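Chemist: Spelled out from the first residue to the last, the chains are:
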Amino acid sequence: MAPLYNQDDECNREDPAVKQLFLQGPSVNTRLLLVSVLSVSLMVLDHRFHHADNLRSALSVLIYPFRYLMNVPSDVGGWATDTFRTRRGMQDELDTLRTQNELLRADLQRLTFLQTENLHLRSLLDSSKRIGQKVLIAEILTVDLDPYKRQLLLSKGERDGVYVGQPLIDARGIMGQVKTVTPFTSTALLITDPSHALPVMINRNGMRAIAEGTGQENRLSLPHIPNNADVQVGDLLLTSGLGCVFPAGYPVGEISEITTDPSLPFAQIIAKPSARLNHNREVLLVWPEQTHTASATGPNPCQQYQQAEQTP
Amino acid sequence: MKQGQQGGWYIFLSFLAGLLLTSIPLPGWLEVLRPEWMVMALIYWCLALPSRVSVGYGWIAGLFLDVARDSLLGQHALAMSVVAYLTITLHQRIRNFPVGQQAGVVFGLVAAYFFIIAWVMGISDHAPNFSGILMASIMTAVLWPPVFHALRFLRRHFHIR
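Here the protein sequences come in this chain order: S and P. Those letters in the first sequence? Residues 0 to 311, by numbering that gives the first Met the number 0. Those letters in the second sequence? Residues 0 to 160, by numbering that gives the first Met the number 0.
Please keep in mind that the hints were generated in silico from the structure rather than gathered at the bench. Be careful, since some hints might not be right.
[Unchecked claim] Covered by chain P, per the in silico footprint, the following chain S stretches (three or more residues, Cβ under 8 Å): (1) 29 to 38; (2) 47 to 60.
[As the list claims (entries may be wrong)] To give an idea of the chain P side of the interface with chain S (calculated C-beta under 8 Å), a few residues: (3) Leu18; (4) Ser22; (5) Leu62; (6) Phe63; (7) Val66; (8) Ala67; (9) Leu72; (10) Ala76.
[To be verified] Negatives, chain S to chain P, calculated, CB over 12 Å: (11) Thr95; (12) Arg109; (13) Thr115.
If you're wondering where the values come from, they're calculated on a predicted model, not measured in any experiment. The beta-carbon is built from N, C-alpha and C at its ideal position, and this holds for glycine as well.
Turn these sequences into a full structure, and let the hints guide you.
Modeler: Following this line, the structure appears as structure tokens:
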């Protein structure tokens, strides 16, 4: 039997016991009412009008030091694994990296050539030129802030020029987009979050589709594709660049299973994301290529679309 | 500070520890078992010092929880205030329960907390899955006895009142 909770012990005898028995100030009911009204109005402000962003930024700056503090254990772990490695293991890794580097360099030679050719062809077509993208490495501070969502906390914020809607990639593909920005940190929504969807196309035949998150790890679903559509297991999905959030041509995932049920109007298609969504320590924030337009063609359609979005 | 009150820093520190434990990164399988540390701290202080820690503390702590989890601002704040309210209203009774029975009450309080969060999420976003909530509630109840004894030690040792 657990020991009884001793009431005398909780009510300090030196203190007037009456004060402990009867709560002071406004009654608890009044306080709860006040606080509920405050909470509900805050939620409405935050959800409907996004007016609570300043308060959120201020509070997040307050807890910023603790976010670094709680990362210390895993940082120390990483440092320890790096320090106490065998010479043999490091040499092996060095060899693999060297080989990989050689291969990548070989690819890069072709890339430079293709880029020049592409620029030349684009100038012939008199369409907008693509200029190199700016990329910034951000560290992941926390994963799964809220257990019911798929999101990440990143170590770069407004100060570094991060903006809401900014695409996030890793070495293998699209990871997600930035959802909220505070001065020193930002939160990104992964493509597997149930509230996330992104426009994709199938690399093999150029068919457009939408890839929605399912909330489960490593599963994207492609809704509204008819049963007879030309989709095969193993097809690579790329971003289509529609919607002007993600730059075109980045790998998103690979079709992993197709279920066609004649009683359902659409096929059930599941894809596996290319990016390693839960294996990274660092991610890349991309500033999509600033398209600079040739004089004759007028402003870039994406910019026009974004301006139209901003000025309703 | 009102007369006779002391040790406010320790209350603050215990909430801070709760916030840290809530947001420390865990591997996936442990993530599901993460209890609600902040709720436990709030319930303890509401039981021990009801004239001091009450709905207001719950609200502020909940607001920080909102920012730490990047949820809708006010969602955890509302849930935490309701937990504080229920604990304060029942504190005379809960205090006299053995710790094991208190854990049962804590389970109920955490269930109420999750009910409000799930409600708000259902309206604003998409409702969370039930099994996750159940696991977190059970873990909170299971961990209540050690947390209770640890915080009671803290309170007695530093004469917090």
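Chemist: For every hint, state whether the structure bears it out.
Modeler: Taking the hints in turn, this is what the structure says about them:
Remark: the segment 29 to 38 of chain S is confirmed as covered by chain P, as 6 of its residues place a Cβ nearer than 8 Å to a Cβ of that chain, reaching the required three. Given as covered by chain P, the segment 47 to 60 of chain S passes the check, having 5 residues with a CB less than 8 Å from a CB of that chain where 3 are the minimum. Of the supplied interface hints, the one on Leu18/P holds, with its beta-carbon coming within about 7 Å of a beta-carbon of chain S, less than 8 Å. Against a cut-off of 8 Å between C-beta atoms, the interface hint on Ser22/P holds, since the closest Cβ of chain S lies about 6 Å away.
The interface hint given for Leu62/P holds, since its Cβ lies 7 Å from the closest Cβ of chain S, which is under the 8 Å cut-off. Interface restraint check for Phe63/P: the shortest CB-CB distance to chain S comes to about 6 Å, inside 8 Å, so the restraint holds. Contact between Val66/P and chain S, as hinted, is supported at the beta carbon level, the nearest pair being about 4 Å apart and thus within 8 Å. Contact between Ala67/P and chain S, as hinted, is supported at the beta carbon level, the nearest pair being about 6 Å apart and thus within 8 Å.
The restraint placing Leu72/P at the interface with chain S holds, with a minimum CB-CB distance near 4 Å, inside the 8 Å limit. Checking Ala76/P against chain S: minimum C-beta separation of about 5 Å stays under 8 Å; hint holds. At the 12 Å boundary, the C-beta of Thr95/S stays outside the reach of chain P, the nearest C-beta of that chain being 26 Å off. With 12 Å as the threshold on Cβ separation, the claim that Arg109/S sits away from chain P holds: the shortest Cβ distance comes to roughly 39 Å.
Every CB of chain P lies more than 12 Å from the CB of Thr115/S, the least distance being 44 Å, so the non-interface label holds.
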